[in-house]
Structure formats: C-alpha cells, structure tokens
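Put the two chains together into one complex; each comes in its own frame, and the hints tell you how they fit.
These protein sequences, in sequence, are chains F and E. First residue of the first sequence? That's 1 in UniProt numbering, and the numbers climb one at a time after it. First residue of the second sequence? That's 1 in UniProt numbering, and the numbers climb one at a time after it.
Heads up, none of these hints are tricks.
Quick list of in silico lysine to aspartate or glutamate cross-link-like pairs, DMTMM-like style, CA-CA up to 20 Å:
{"#": "1", "chain 1": "F", "residue 1": "LYS34", "chain 2": "E", "residue 2": "GLU65"}
{"#": "2", "chain 1": "F", "residue 1": "LYS34", "chain 2": "E", "residue 2": "GLU56"}
{"#": "3", "chain 1": "E", "residue 1": "LYS8", "chain 2": "F", "residue 2": "GLU94"}
{"#": "4", "chain 1": "E", "residue 1": "LYS8", "chain 2": "F", "residue 2": "ASP186"}
{"#": "5", "chain 1": "F", "residue 1": "LYS246", "chain 2": "E", "residue 2": "GLU28"}
Okay, the calculated bits of chain E under chain F, using three or more residues with CB under 8 Å as the criterion:
{"#": "6", "stretch": "11–21"}
{"#": "7", "stretch": "60–67"}
{"#": "8", "stretch": "136–146"}
Keep in mind the hints are simulated off the structure, nothing from the lab. The beta carbon of each residue, even a glycine, is placed where N, CA and C say it ideally should be.
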Amino acid sequence: VEFTKVAADPSIVNLGQGLPDISPPSYVKEGLAKAAAVDRLNQYTRGFGHPSLVKALSQVYERVCGRKIDPLTDVLVTVGAYGSLFSTIQALIEEGDEVIIIEPFYDCYEPMVRMAGAKPVFIPLRCKNNGNSASSADWILDPAELANKFNSKTKAIILNTPHNPIGKVFTREELQVIADLCIKHDTLCISDEVYEWLVYKGNKHIKIATLPGMWERTITIGSAGKTYSVTGWKLGWSIGPQNLIKHLQVVHQNTLYTCATPLQEALAQALWVDYKRMDDPDCYFYSLSRELESKRDRMAQLLQEAGLKPVVPDGGYFMIVDVSALS
Amino acid sequence: LSFSLQAKMSRPVQARRLEGIDKNIWVEFVKLAATYSTVNLGQGFPDFPPPDFLKEAFVRALSGENHMLHQYTRGFGHPPLVKILAEFFGKLLGRDLDSVTNVMVTVGAYQALFCCFQAFVDEGDEVIIIEPFFDCYEPMVKMAGGTPVFVPLRPKAPKDGKLMSSADWQLDPAELASKFSERTKAIVLNSPNNPLGKVFSRGELELIADLCVKHDVVCISDEVYEWLVYDGKEHIRIASLRGMWDRTVIIGSAGKTFSATGWKVGWVVGPNRLLQHLRTVHQNSVYHCATAAQDAVAQGFQRELELYGKPDSYFIQLPKELQQKRDWLIQSLDAVGMKPIVPEGTYFLVADISKFKSDVPDVPDSDEPYDSRFAKWMVKNKGLAAIPLSAFYSGAHKNNYNHFIRFCFAKEEATLKAANDILQKWKQEKTSP
Chain F
1 VEFTKVAADP SIVNLGQGLP DISPPSYVKE GLAKAAAVDR LNQYTRGFGH PSLVKALSQV
61 YERVCGRKID PLTDVLVTVG AYGSLFSTIQ ALIEEGDEVI IIEPFYDCYE PMVRMAGAKP
121 VFIPLRCKNN GNSASSADWI LDPAELANKF NSKTKAIILN TPHNPIGKVF TREELQVIAD
181 LCIKHDTLCI SDEVYEWLVY KGNKHIKIAT LPGMWERTIT IGSAGKTYSV TGWKLGWSIG
241 PQNLIKHLQV VHQNTLYTCA TPLQEALAQA LWVDYKRMDD PDCYFYSLSR ELESKRDRMA
301 QLLQEAGLKP VVPDGGYFMI VDVSALS
Chain E
1 LSFSLQAKMS RPVQARRLEG IDKNIWVEFV KLAATYSTVN LGQGFPDFPP PDFLKEAFVR
61 ALSGENHMLH QYTRGFGHPP LVKILAEFFG KLLGRDLDSV TNVMVTVGAY QALFCCFQAF
121 VDEGDEVIII EPFFDCYEPM VKMAGGTPVF VPLRPKAPKD GKLMSSADWQ LDPAELASKF
181 SERTKAIVLN SPNNPLGKVF SRGELELIAD LCVKHDVVCI SDEVYEWLVY DGKEHIRIAS
241 LRGMWDRTVI IGSAGKTFSA TGWKVGWVVG PNRLLQHLRT VHQNSVYHCA TAAQDAVAQG
301 FQRELELYGK PDSYFIQLPK ELQQKRDWLI QSLDAVGMKP IVPEGTYFLV ADISKFKSDV
361 PDVPDSDEPY DSRFAKWMVK NKGLAAIPLS AFYSGAHKNN YNHFIRFCFA KEEATLKAAN
421 DILQKWKQEK TSP
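Isolated chain E (complex conformation) (with noise of 0.2 Å):
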C-alpha cells in the first residue's frame, strides 16, 4: 500500500464535524420508554389525537381531485401555507409581511433550528445558550462549527409555603452580560422553555434584547410552544421588541401547535436579510417538505385566523385543557413528596426528587448523573418514563442540578391517572414497614 493510502486509511471514515456529537439522551430514553414504561410521561408529544378540524383537512388535501398534492410543491414552502403564515403572524406582530421572503417552511422546528445554526455559525463563533436547553441547541452549535456559551437560569427560593415556579427560575443580568464577548453571533432564546416551562417576562426579554442590539447579535427565537402559557400569562414575542425584529428569526411548530408533532412541518418568520440564508442552506439539504401535510396546516391557520379570540380558538381551548392537566398533575406528585416547580408554559414540568432518593442509592465517582440513573430505575421498576433534567444541561453542568426529572403532561385523564396510581403505590411501599 503505498503510504498515502496507508494515512487514508487510518483516518477515521466520518467527518470531523460529527465529533462530539454522537450521542444523543433520546435514543436511549425512548427505547427505555418503549420497553419498559406503561405510563410514558417522557418524550415530549401528546397522546391525544390532533384536532378533528386538522384530522379531516389532511384527509381532504389527500383523498381530493387534485393528487398534485402528492407531489413536490414550492421549496420554500407550500403557497397556501406561507400565505396564511405570513398573514396571521403579520397580525400578531403588527407587521406586514411578504410570504415569499419573510416565511419558510421547515421539516419541524427542528429544522429550522439546525437551518439558522448552519447558515450563521462559523468556526470561532460563539453562540450563548440558555441551561437548561432542549438538548439539540448545544450538537448543532458544534456541528457548525461554533463555541456555546452557556448561562444557567437560577432558582430562587420560592415563597414561604408556596411551591416553586418556573418564574423563580431568573437571569442574572450581570452574569448573562458577561457572556456576550465580539466573537458572539448567536443567543438562542426558548420561550416558553422546555423543560422548565419558564415564560420569560417582557423585562427579561427587554434585558436579552438589549445585549443583542449592543453586541449586534442575532437572536434564535424557538417559540414552539408560544400557544401554551397559563394562568393568564402572555407569550411575548421578542422580535416585537424595539431593534430586534431585524436580527431575530422566530421558529414555529404545527406539531407543538396543532397536536401533530408526527407530521413535521414548522417554519421561520423573520427579515429577509436572515431568511435568504436560511433559504440557501434549505435549498441545500432538504429543499422540499412533504406537501399535503403542509396543505393541511394552512387550513387548520385559515380556521383559527377566523376564531382568533374566540373560545371556539384551538389556541384558546388547547392551554385551557393542558392548564388543568398541569394542577392534575402537580397535585399528584405534590400528594407524594415530590416537589412540582408550576410551569408558566409548555406541557413540561419538572419535580424535585429529593424525597425519592433511598430508592435509588448514590453510587459516588459515577459517571452518570444522578437524576439519569434515577429515571431509568423509575421506567425499570415503576414503569413510569420521565426525563433527566440533567439530559437538559451542557457536559460540565449536568451535575448542578441532579434531583429533577421532567414530566410531559400532554396526556388523555387515563394516563395521568395511571401516572397518579403508580405515585401513590410507590409512596404507600415507601412509608409502609
């Protein structure tokens, strides 16, 4: 062999890009949930079907005269879509906009994340991120080639009395300030966050806005869950906020939106200075999204840009149902000993497992923090799936905060009260000599 071939053939196969990066909570979790749980509170999607109005708009976009809609529409996204898109975020942010340049449509958010991280990271460039993150922000920062730069939310000791809310999770100012440096190109903003539930406050997001437009950063808004807030709270979208809607590309779901998460259509609202590079790296990787699924969601925005308001609205009537989920669910687990932080937002809620943990002894020098070992003794043996808050923070912080896990209560009544059996059995073998 001559000694060229000899070097190939020591390199590994795979791309450097790909280093670090291999692993990834999910496969694992969800393999544990699949064969373990009966009570699957892990994952995040519901399982309540989608909407009835969204069920039969599919079924019409497939079963009707034009079969075009098997195949290939508009790259950039189906034209009914981007239409009604272009027009109901319009609204909401008090803008006009073109559906051609300031909407595209993606393969879930998840797409959209991995299209602004691709078309605005360089090598050198750092993007600050959140803790705790949904797990996918810190991979795709590294595959493009950046630094994250994280900046953990802070718990706060809640009232005398009061169990803890996701509101009690804060910024420190001083501290995120300091994060933002010349090599900062990014911050990723989850609101409302998963997995916390956090909804930030307009004064927090005015303080996240200011450091951008200081350090001329661009803001990756993930707003999957913008329908989803309680207690009366508002989601606020940041790029309505002075100097932002310029550099802010806000990321939307019909999965989270509409209870479809298997039909992957999402979407980018923004300016067209950061749209057309998302555009460029779309056209590039997946060009096309499935066109009848697409369809069908411009029809189910279509339906709630007419009931906006109104109680009929699936945006009204799916947080009513999820909110009292919530205090189900946070009943259940505060009856048992452990401790529900109240999320503003989302169907996620994390519980303080403290109380918990003579199940599962403390094996010092693992590598595995605590709440993972936890989770996976739970699915094991209660057959209850929940996630690790540790799946949520960054390599060097996963031990911080190691007695949460994360429940999903996205649920039909059967399943919380399946999930509330399972508690009360544990904490009756627990207190029972």
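One chain only, chain F, in its complex shape (with noise of 0.2 Å):
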C-alpha cells in the first residue's frame, strides 16, 4: 500500500509491484470481450469455478501432474492466488497450529497465517558463499534446521516456488527434503505455484503435490495473472484432494461465494488455446518465459554494468540485486 503510492509518482520508474507493462497477448484481450457480449456471462456463474474453467484447469493440471483431477471436487477457483492463499489458510489453519514460512516470503503468508490465529515459525533460505551469491540456486535450506521447525503442532508448511522475491526454483532433491519431514510430521503443504511457467534455461518447475504421498497433503495454488500476464483479472485457483479441497469451497462460499463470470469464461478459452499447443513451443506458457530471460539477462547486466550485483533468478520475474556498492 505504502510502496504503490510513492511509485504512482510518473517522474519514478516503476519496477517495484509485481505486475507486467507489456501487453497481454490479443487472443486473451479479445477473450473478454467476446465473453463480455454473451447476455448469460454477465451473470453469476457456478460458485466454486465456472464450469469450463475448472474443466480447462483439470485437463492442463492433469496433463501436467499426471493424474486424473476432478473438476468439480478437485479445483476451487479463487479471486486471485491471493484469494486461495487466504481460503486454505481459513479452511485449514486454526489457533493453537504452527505454519512454516520460508524467509524471504511473499508478505501476505504471516498476516495471513496470524488473522486465522496461528503461530508462524521462519526458516530462512541461507546465501552459500558468505553474501556473494550470482545465482537464485545459491539460497538453500539448511536440512537440519527446517527439520527442527516442524513439531506437532506443525499444521502447514507455505512453498513458494519459483520464488518471490529471490527466484529460486527448488529442485526435486530440495522438494523431497520438504516431502519427508511433511509426511513424517503429517503436515499439509500449501504450494504457491503462481509462477510454475517462468522458469529459465537450465531449469524445471516440478510439482511438490506429485512427490510420492504429497498429492493427498498438498494444495497447488496458479495465478491467471501471472500465467497471461492479466494481474487485474484477479483469478487464481486451488488444486487438490477432494478432502482438503471441500473445506476450501466451504470457506469460498461464505466470504465471496463467486468469481466474476466473463473473466472465467475468457480465461477458460485462452487455457483451451494454450492446452492444444503445450507440444508447441509457441504454446504462451512457454513462449512467455522465453521472452522474459532475455529481460532478465537484459536487466542484470544493467545492473553489473552500474556496479551493483544481481542474483540472476531461475524463474519468475523478480530480481534482487546487492546495492551495498551504493552506500
């Protein structure tokens, strides 16, 4: 709140909030448009996700996971993945439960997990080399302290990858640390995936939820905004077991019960778009991700060039950057 009102200032170039000034691609824009003049999408839809969006979803996510997802019991579509960040932790989370957050976090995770009354415990990801990292892959969890984080009050653990702000795309190897002591401790994992598609060279976005025993502990949080690069759509989505899933709609259904018609609809065929080609590599989930290392490498050598040292992410479409030189 405070940051987007000092960056409103036009003579200030904005690379702060979390949102692209590219365009979205045409087909997703006219989408809309074309769901907008339809009489019957200008009304409520389904509560939990419109019928051909949580069809789309389940076929892109079944492809992708491997297994079969129900539609209608196995996804809950949200108003944003911050709006499922928030159903999970009201459907799932309680007083007296422990969550585990990975430091640095996406800010919402500790407000979030504190109104549901919960304790959260913080684990950071440690920089190898003393400080001079040039890679996102430097940032790891130390094994033996994030095993020491979980006891039995450990009701979750918040996964965030690819990772806001540093990006670090964690590896299987890093993810079936996590696997373990989560079936160990029988601890729910809450899966932020917003930015499964922005993963550089070099590099794969793997599913913690289809770790073996993960698929029934897991939810998988996606972002329309952040898939096609529409942030102000403001629909994201949950994935998972039926079991967990149900208490999810529950909490969906009395704190804002639908999501806007016409955006469901338009996001459903641009999914539909996209499932047809993911063997096509100009298929947008890929295409996107392409466009944006060459940014990325664009703006870290920007910033070597400045002085300043970058830590070059693995995915998403944040950097950090050391600006010790600057003081």
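Here it is in structure tokens:
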C-alpha cells in the first residue's frame, strides 16, 4: 500500500510492484471482450468455479501432474492466488497451529497465518558463499535447521516455487527434503506456484504434489494474472484432493461465493488455446518465459554495468540486487 | 507413531471456524434448477442483459489503448470508481465523502458483508439478524466467532380483500428492544429486504437507529436493492438518520444496480473509523478487485450522475420495468390461487402455496421443512424453480413459515409468460376431474 503510493509519481520508473507493463496476448484480451458480449455471461456462474474454466484447469493440470483431476471436487477458482492463499489458510489453519514460512517470503503469508490465529515459524533461505551470490540457486535451506522447525503442532508449511522475491526454483532433491518432513509429521503443504511457467533455461518446475505421498496433503495454487500477464483479472485457483478442497469451498461460499463470470469464461478460452499446443514451443506458457528470460539477462547486465550485484533468478519475474556498493 | 502425532492425525483437518457453516442452500437449489427447470425464477439474477451503456463501457475498458486495465489497480478501489462513488453517495447522503477513506470496493456485496463481520465481530459478540434474512448473514457471523440473535418480521393480516404487502410484515418494537444486550456488537439491516421485498419505513428505521445509538451498536446496512422500490416508495438510508452515520457501513452492489451480477463489483461507504478495519480485512484476504469491471462500473455511475432524476436514468427506468413485471407475476400467481405478498421493493416476491399443498403430501417427522420439499417437487415435476422461504430462516425457525416460496421476477417477458403457462396448466390439472 505504502510503496505503490510512492511509485505512482510519474517521474519514477516503477520496477517495484509485480505487474507487467507489457500487453497480454491479443487472443486473451479478445476472449474477454467476446465473453462480455454474451448476455448470460454477465450473470452469476457456479460458485466454486465456472464450469468451462474448472474443466480447462483440470485438463491442463492433469497433463502436467500425470493424474486425474476432478473439475468439480478437486478445483476451486478464487479471486487471484491471493484469494486461494486466504481460503486455504482459513479452511485448514487455526489457533494452536504452527505454520512454517520460508524467508524471504511473499509478505501476505505472515498476516494471513496470524489472522487465522496460528503461529508463523520462520526458516531462512541462506546464501551460500557468505553472501556472494550470483544465482538464486545459491540460496538454500539447511535440512537440519528445517527439520528442527517441525513439531506436532506444525499444521502446514508454505512453499513458494518459483520463489518471490529471490526467483529460486526448488530442485527435486530440495522438494524431497520438504516432502519427507511433511509425511513424517503429517503436515500439509500449501504450494504457491503462481510463477510455475516462468522458469529459465536449465531449470524445471516440479510440483511437490507429484512427489509420492504428497498429493493427499498438498494444495497447489496458481494464478491467471501471472500465467497470462493479466494481474488485473484477479483469478486464481487451488488444486488438491477432494477432502481438502471441500473445506476451501466452504470458506469460499462464506466469503465471496462466486468469482466474476466473463473473466472466468475468457480465461477458460485462453487455457484451451494453450492446452491444445502444449507440445508446441509457441504455447504461451513457454513463449512468455523465453521473452522474460531475455529481459532478465538484460536487466542483470544493466545492473552489473552500474556496479551492482544482481542475484540472477532461475524463475519468476523478480530479481534481487545487492546494493551495498551504493552505500 | 508418537502420541502427539496420533493425536494430531485423529483431529479433523479443517479449522473449527467451519463448524456448522458447511451447508449451503444455493449449491443444492442451483443444481436442481440447472438440471430440471424450464423456467428459473429461483436464484436472484436477471435473465436480461445489463444496459447497453454498461456493456459498451466494459468493451471500451478492454480494447482501449490502455492495456494497463488488465493489470492490478489500487487495492482499496480503482480511483475512477471510488471517486464517482464518493461523489454520488455524498450527494445522496448530503455529506462530503472522501474517496480514499470513506469508500472501498469489494468483490460483490457478499465480500463487503464478509469484511464487516470479520472486522467487527469477535467471539462473544452478538449480532442481531432480522428474519427472514439473506442466508449468508448467519454463517458469516458464526465464522467470525459471533452469536447470531434473531428477531422476526411478523405478518399482520391484510385489510379485507386485499393482498398482503411486504409492509404488513413488521418488527415488534418491544421484541426488538429485548434482543439488544451489552454483548450486541452489530445489527444487520437489509432494506429493501430479500426475500420479502420489504422497504423499511422512516419510523421503522428510527426505531432501529434509536436502539443502535442507545446500545452503541454498529449497523451493517445491506442496501443492494436500493434502486428497486415501487409504487412511489422511498428508499431511506439509515445512515442519514441522526447519530447513525458514524456507526453505519452501507453496502452496495453493481450487480444489482446495473443488472450485472456476474461482474462481482460491490462497495462499502462509511466513516473512516469503521472503514479502516474493513481495509485491514480486505488487504489480508483479497487485496485487489478486478480492474476492468471497476472501470466500466465507474463509467456507468458517471452516466447516472449526469442523468440523476431524469427519465432516462437507469435508476428510474429499471424499477419502472421491474414494477410491471412484479405486477404481472402477482396477477399470474393470484389467478391460480398462490397468494403473493406484494413486495414494496427488490426483484423478489414471496407467495403462499397453501392451496397447492395437496400435490405434496406432508411427511410427519421429516427433517426437511415443508416448503423445501414443495420447491424441490415443483422444479422436478413442473419445471418451475423457486426458493423455499425456510432457506431464509435460522435452523430453529425454519418451520415457522413453511408454506411460502420466493420467486425472482427480474426476467424477460417471455420467461414470465412461460411461468404463467406452467401455473395455469397446473391449476387446470388440479381442478379437472
């Protein structure tokens, strides 16, 4: 709230808040205009998610996860991934619970956990090489330190990969360490994967829900805003097993009940376009990533030329920079 | 397994705040309507489109040069929208409103209600809810840890030969006063009222206002149907009564105002001392609302500000059209023996189905209220969808008025005619040997 006000000054170049200033693809914009022209799409749709949208989401993610996803019971559409985080935490977290949050973290995790009456327990990503890090991959969890944070009160751990703000893409081995602890302590995993398509060369986004023993205890969160460069559509989703999603649905029906219809229909149409070309490099899920990779590289270069030390991210669209040279 | 792990695994995975709020009538009835109905007068949404000027505003927002309308806007409300809302409601309330501190945009009025209960209600707090009520108030109070306290609108017999009016359903002043205690944190007022269509009179509002002031209670005023008032009635805003501005949150809805329920744009208007807490809830739950729809609604309000009070104003045309539809449906229902309660406002109408009881035999000791079974039978066998009035009562009171169903008449002429045909045929089947 505070920083956005400052950045609104037109003399300032805003690389602050996470939103693209490039246009979403035209088929996405056109899809919304088309949807809004259909009369009944201006009225209420199904509360837990517009039928064509939950169907499209289930198809895309069935392909990605390699498992059957029921569009009616395993998917909830929310007002942005933010709304999914809120629904998940309100549904499954309460007083007496502890929730592990990896630092640095997208700032809303902490107040949301506190609002649910629970205690946040922090664990840092530590930079290898004494703070001289050129890559997000240098930032790692200490497995012993992580294990120490788990106890019988640990209800959930919040995982964010690709990570905001560092851009770290957790490897399979790193995810396995987290998964093992979740299984050992019967802990849930809230996996914020909004930047799932933004992974750069040499990296692969792995869904922790696909690791053995994890589907039944994981809620995976995604975002239309980040997938299609339409943050202003505020549509996100939670995907998981019915016995967890049903509780998120209860929260949803008691908080805002349903999300906007034309936006959901337009998103469904966009997902179908890209679902059909998931084998094609032109699929927007991959082409956006390529576009952003060259911007990443350019930014890293600019910062280095200015004498600063960027931490080149393996994913996401944020880059953190060591500005000590400016002091 | 360790003892503590065993204990953990034996507890339910969900949070206790979900207790008792998992059932939802709409999930069931919307499914039934989708499966069986040929004429859907159930869930409250128009089957006619939003006005052209609003649809055009949306298309302009989407296809304009400014593609930034596809990105985040200000979290507490898109600047053009909060500015026009502050101006518009400032005029209506006779107050200078600040768009930043006195207005916030929400995801429909539904989310505005959620923010209010979360912001103001704690465990141990009581919230007064007037029955019948829009069903979400009760679970939202419970989810916030509060205790709902119910007070009924009681029907008085209409004058001889006349149809009952929603005005005949009234609060008993002494009964209402008895519901206020030192634990009362808030009262929810819904005027015009869903489902009855009651438009609270100045006298009735003063009664409520006096008690709010006396007991220092917050008034959550759900005014989503504020423009839908008939027969020359006036919608009076309780916030304009003495002592009330500072303790009232006014809730509004673009969905109901502009016949665009699928846009999910709502708002709250009120004093900063209350709105600051709604902002806290909002920034920790949803944070931003979708940009383009907000922009279009802002344009809609701009037009209405210019046309306010003039015959071309949508806020004058829409109630005029809906009054005709109301009267049409009243005629249809009365002609077949369903007794309509004439609503003073909203696009809902409640009718007494006692004369049709023979079609759906009573089942003694049934858990389900009679009107619910009746409504389900009706949609399955007659293809006509409506909502049982018991849906709008607390658990303990669901059988108090169990022979009424609610119809939505915000429908095209063809839909209302089709409903009439179903009713006529049904009546003929009853009377023919």
